[in-house]
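Colleague: Here is how the chains run, residue by residue.
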Amino acid sequence: MEKWYLMTIVVLIGLTVRWTVSLNSYSGAGKPPMFGDYEAQRHWQEITFNLPVKQWAKFINPDWIALHTSRGYESQAHKLFMRTTVLIADLLIYIPAVVLYCCCLKDISTKKKIANALCILLYPGLILIDYGHFQYNSVSLGFALWGVLGVSCDWDLLGSLAFCLAINYKQMELYHSLPFFCFLLGKCFKKGLRGKGFVLLVKLACTVVASFVLCWLPFFTEREQTLQVLRRLFPVDRGLFEDKVANIWCSFNVFLKIRDILPRHIQLIMSFCFTFLSLLPACIKLILQPSSKGFKFTLVSCALSFFLFSFQVHEKSILLVSLPVCLVLSEIPFMSTWFLLVSTFSLLPLLLKDELLMPSVVTTMAFFLACVTSFSIFEKTSEEELQLKSFSISVRKYLPCFTFLSRMIQYLFLISVITMVLLTLMTVTLDPPQKLPDLFSVLVCFVSCLNFLFFLVYFNIIIMWDSKSGRNQKKIS
Amino acid sequence: MAAFTIAAGTGNWFSALALGVTLLKCLLIPTYHSTDFEVHRNWLAITHSLPISQWYYEATSEWTLDYPPFFAWFEYILSHVAKYFDQEMLNVRNLNYSSSRTLLFQRFSVIFMDVLFVYAVHECCKCIDGKKVGKELTEKPKFILSVLLLWNFGLLIVDHIHFQYNGFLFGLMLLSIARLFQKRHMEGAFLFAVLLHFKHIYLYVAPAYGVYLLRSYCFTANKPDGSIRWNSFSFVRVISLGLVVFLVSALSLGPFLALNQLPQVFSRLFPFKRGLCHAYWAPNFWALYNALDKVLSVIGLKLKFLDPNNIPKASMTSGLVQQFQHTVLPSVTPLATLICTLIAILPSIFCLWFKPQGPRGFLRCLTLCALSSFMFGWHVHEKAILLAILPMSLLSVQKAGDASIFLILTTTGHYSLFPLLFTAPELPIKILLMLLFTIYSISSLKTLFRQSFTVIAQAGVQWH
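The listed protein sequences correspond, in order, to chains A and B.
Residues in the first sequence are numbered from 1 upward in steps of one, following the numbering used here.
Residues in the second sequence are numbered from 1 upward in steps of one, following the numbering used here.
Rather than coming from a laboratory, the hints here were simulated on the basis of the structure.
The structure displayed is predicted, hence computed values, not measured ones.
Using N, Cα and C, we set each Cβ at its ideal position, and we do this for glycine too.
Check each hint, because a few of them may be wrong.
[Unchecked claim] From the derived model, a few chain A residues whose C-beta atoms are all more than 10 Å from chain B:
no. : residue
1   : ALA40
2   : LEU100
3   : THR381
4   : PHE391
5   : LYS397
6   : SER416
[Stated by the list, open to error] Cross-link-like lysine-lysine pairs, in silico, DSSO-like; alpha carbons within 30 Å at most:
no. : chain 1 : residue 1 : chain 2 : residue 2
7   : A       : LYS3      : A       : LYS111
8   : B       : LYS83     : A       : LYS353
9   : B       : LYS126    : B       : LYS140
10  : A       : LYS389    : A       : LYS296
11  : A       : LYS111    : B       : LYS140
12  : B       : LYS140    : A       : LYS112
13  : A       : LYS112    : B       : LYS446
14  : A       : LYS3      : B       : LYS446
15  : B       : LYS25     : A       : LYS112
16  : B       : LYS83     : B       : LYS25
17  : A       : LYS106    : A       : LYS296
18  : A       : LYS380    : B       : LYS140
19  : A       : LYS111    : B       : LYS399
20  : A       : LYS3      : B       : LYS25
21  : A       : LYS293    : A       : LYS380
22  : A       : LYS3      : B       : LYS126
23  : A       : LYS190    : A       : LYS293
24  : A       : LYS111    : B       : LYS446
25  : A       : LYS3      : A       : LYS380
26  : A       : LYS79     : B       : LYS25
27  : A       : LYS3      : B       : LYS140
28  : B       : LYS25     : A       : LYS316
29  : A       : LYS106    : B       : LYS446
Modelling step: build the complete structure from the supplied sequences, incorporating the hints.
Modeller: Below is the structure:
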């Protein structure tokens with residue numbers, strides 16, 4: 001790529017923004033005895049270091065991970081160490097994946113590719129959670145992105161291996177597993193189940209099983225241990241949802257306390273049904289007509305369905321939806337930018353708890369500025385640009401006056417942004433009334449949930465109505 | 001939000017650049033700040049709580065007021081906003097007070113004052129003629145100049161991390177340069193006079209202004225061969241320039257003249273007792289001189305040429321600010337440094353007088369004056385290198401030769417600022433930002449002058 005230096009500059013800007021955010025407070029700073037995610041990660045380091053013996057960590061300060069005595073350890077040097085590990089993990093896994101993805105995009109100019117990379121790297125949600133609140137999401141999301149890259153470029157085995165690594169790093173990546181499965185299955189069917197397709201199927205199955213076995217080998221020694229791991233990974237005992245999250249069940253809970261009314265197993269079945277019903281159409285379409293573009297959009301809609309309807313969802317899981325949306329930024333810049341802004345907004349209660357108000361406002365503005373200047377999003381709101389042309393043509397067969405779609409969407413955008421800004425101002429400046437102490441968090445979740453429902457419908461429309469234009473123009477990989 | 005719709009709607013790249021760097025500055029708020037932070041908090045307190053007669057006498061804190069009166073008035077105005085953030089910072093006795101609201105206020109005041117710098121950059125871009133060849137936005141000289149100035153690494157780390165108010169001061173200087181380019185000489189002179197009374201370090205470049213205005217403004221015409229035409233001297237212009245400078249100085253120093261405090265003010269402004277080198281050595285000639293002196297004294301001791309009892313105890317490398325005598329080489333006095341500086345700027349001043357080349361020649365002379373004063377001045381701070389880097393940026397986007405000199409100057413100059421940020425959390429920031437600026441400046445200037453470089457290369461090939 002001729003403009004390598006511009007891409008380097010983009011990566012440097014991304015790294016600078018990440019590090020400056022990390023100078024702020026982290027989850028649970030100075031709040032004993034539970035502390036927060038920062039302490040959780042340190043605690044896991046403590047466990048993994050001390051229990052099976054590992055020699056490599058001898059060079060790092062042993063006080064940080066001394067078994068039992070290091071609970072709640074907080075110091076400047078340790079904070080620096082933890083932040084550096086996040087940056088290095090990001091630099092090694094996530095950022096190269098983003099750069100490579102943008103370079104492999106087809107049909108757009110070099111400058112747009114670089115601008116695309118800038119916008120993806122500036123996405124505030126991931127930066128604030130990983131570098132502010134403190135987590136290592138960039139590792140799992142990075143592996144998932146390598147998976148997407150591999151599978152889209154026909155390196156199916158490597159792609160599946162990368163995705164298996166992602167799942168074994170963080171089980172939340174299972175949200176993305178169905179689209180991967182359907183896409184690869186669709187490819188096998190396309191190649192013919194009697195010939196090459198079957199060979200591919202067997203190869204994929206072997207790769208997946210092998211990578212799982214490799215990761216889980218130390219824990220297979222006892223059946224009880226395996227079950228214990230599974231119970232920790234999928235805490236079905238914890239209930240339909242915890243705290244405030246922008247999904248259907250929490251919003252519904254405001255009107256009707258379903259968490260307390262319905263018994264546990266009914267809740268499980270209900271969420272299971274809703275989730276699978278909402279993602280089934282897109283997945284079936286992907287099996288029948290596998291295409292790279294359909295795959296990416298199905299990733300979005302599946303992850304969003306899981307987020308909205310699944311069991312025990314955390315608000316950080318929105319990152320699993322944001323990653324695929326970042327991937328389609330170049331195709332529908334206006335809607336993607338809107339979605340990514342809402343996803344950052346939905347994290348507001350969490351970020352305020354961690355005292356990250358200033359970085360969140362600044363990074364959101366920077367992201368918005370980057371998207372607006374790179375893609376001129378406000379000029380791309382016609383029906384064709386929004387990929388809704390075939391849909392509106394079909395609707396116009398029954399309702400000839402249905403010409404106001406793009407206007408309506410622009411107005412909805414305006415309303416959504418104004419609501420978000422107002423709610424942010426209110427949450428920061430006002431105190432909630434005494435009888436309703438969680439008023440603002442619930443309002444934030446409710447508004448975000450409404451937005452997400454709209455996006456769920458929108459993305460499903462794009463997938464379902466993508467038939468003719470998709471087949472003619474794009475090559476099926 | 002209005003700014004966004006403007007930037008978005010008109011697709012204005014300049015606003016996007018300015019807004020982007022402002023957001024970056026906001027992210028730098030929680031970084032390390034040096035004692036300069038306490039200096040300015042102290043000045044807010046002094047100007048707010050004490051009467052004018054006490055401003056240059058107050059010495060509760062070690063950070064006494066040592067900038068000219070206009071800056072003191074600026075701090076006074078700021079203090080009236082500060083009281084809404086945190087009243088406690090305005091107490092003179094609250095030494096090293098740095099509550100989160102104080103930090104927020106001070107940082108935001110620097111970011112806000114940079115508006116003047118942004119405006120000045122905008123005016124400077126107007127003075128650059130765009131090359132007709134570059135079709136792409138990112139290859140236009142105006143775009144490159146805007147990035148080089150707005151996103152200047154040195155200014156970012158000195159102002160927004162280390163903490164100072166250089167942004168708007170450089171804005172004033174660039175604005176006066178722009179006015180001289182636009183042939184609005186009176187405005188340029190006025191702005192420079194005002195600038196001098198904000199921070200007197202700009203005296204370094206005053207000779208360039210003086211000679212240029214005298215030669216190219218007061219003498220209204222030249223002979224055909226470019227030399228001076230004595231009978232075109234305009235008394236009106238000289239008098240008006242003198243009047244402007246006099247009025248500005250009167251406004252600034254008048255009150256203190258009335259209070260009979262001028263000697264005290266000058267002793268604060270020009271503290272010669274502080275020693276040849278600052279606590280952190282600026283990388284100038286005297287640093288080399290000191291190093292040589294040290295090496296010679298070590299050799300002398302080893303070879304028994306020197307008597308250990310005669311070596312003075314105070315060490316220049318101890319990081320203290322004080323007077324010092326050299327061991328082997330002759331000691332340096334303020335007068336000696338002044339003479340060296342004058343000798344160094346003489347060639348460029350001569351050129352400016354005898355062969356004026358318009359505003360561009362003036363800019364070259366200004367840069368050389370700044371560099372010479374940096375090299376040979378008394379008690380120079382390493383931040384003074386910015387005085388040479390920023391005007392040089394204007395020259396760099398117009399000629400290939402200037403661009404290569406600029407790249408050397410800016411890379412080494414910025415690297416020499418690294419010791420200012422010595423804390424571990426800031427290490428990645430300074431490395432990342434330095435890489436960012438250096439890679440951008442090298443690649444963009446190379447692309448801009450791609451054709452001239454290929455011509456030079458081809459000529460070189462033919463020669464062999």
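Colleague: Work down the list of hints and note, for each, if the structure agrees.
Modeller: Tested hints:
1. ALA40: For A:ALA40, whose nearest Cβ neighbour in chain B is about 22 Å away, the distance exceeds 10 Å, so it holds.
2. LEU100: 20 Å, holds
3. THR381: 13 Å, holds
4. PHE391: 27 Å, holds
5. LYS397: Answer for A:LYS397: holds, closest chain B Cβ roughly 36 Å.
6. SER416: 14 Å, holds
7. A:LYS3 <-> A:LYS111: Holds: A:LYS3 and A:LYS111 sit about 8 Å apart, inside 30 Å.
8. B:LYS83 <-> A:LYS353: At roughly 28 Å apart (the allowed maximum being 30 Å), A:LYS353 and B:LYS83 satisfy the hint.
9. B:LYS126 <-> B:LYS140: Distance ~12 Å between B:LYS126 and B:LYS140 Cα, so the pair holds.
10. A:LYS389 <-> A:LYS296: 19 Å, holds
11. A:LYS111 <-> B:LYS140: 15 Å, holds
12. B:LYS140 <-> A:LYS112: 18 Å, holds
13. A:LYS112 <-> B:LYS446: 22 Å, holds
14. A:LYS3 <-> B:LYS446: Satisfied, since the Cα-Cα distance of roughly 13 Å is no more than 30 Å.
15. B:LYS25 <-> A:LYS112: Holds, because 26 Å separates the two Cα atoms, which is no more than 30 Å.
16. B:LYS83 <-> B:LYS25: 23 Å, holds
17. A:LYS106 <-> A:LYS296: 14 Å, holds
18. A:LYS380 <-> B:LYS140: With a Cα-Cα distance of about 26 Å, the restraint between A:LYS380 and B:LYS140 holds, given a limit of 30 Å.
19. A:LYS111 <-> B:LYS399: Roughly 26 Å separates the two Cα atoms, so the pair holds.
20. A:LYS3 <-> B:LYS25: Cα-Cα ~27 Å, so holds.
21. A:LYS293 <-> A:LYS380: 19 Å, holds
22. A:LYS3 <-> B:LYS126: 28 Å, holds
23. A:LYS190 <-> A:LYS293: At roughly 16 Å apart (the allowed maximum being 30 Å), A:LYS293 and A:LYS190 satisfy the hint.
24. A:LYS111 <-> B:LYS446: With Cα atoms ~18 Å apart, A:LYS111 and B:LYS446 stay inside 30 Å; holds.
25. A:LYS3 <-> A:LYS380: The hint holds at about 26 Å.
26. A:LYS79 <-> B:LYS25: It holds: about 23 Å lies between the C-alpha atoms, which stays within 30 Å.
27. A:LYS3 <-> B:LYS140: With a Cα-Cα distance of about 16 Å, the restraint between A:LYS3 and B:LYS140 holds, given a limit of 30 Å.
28. B:LYS25 <-> A:LYS316: 28 Å, holds
29. A:LYS106 <-> B:LYS446: Between A:LYS106 and B:LYS446 the Cα gap is close to 29 Å, so the pair holds against 30 Å.
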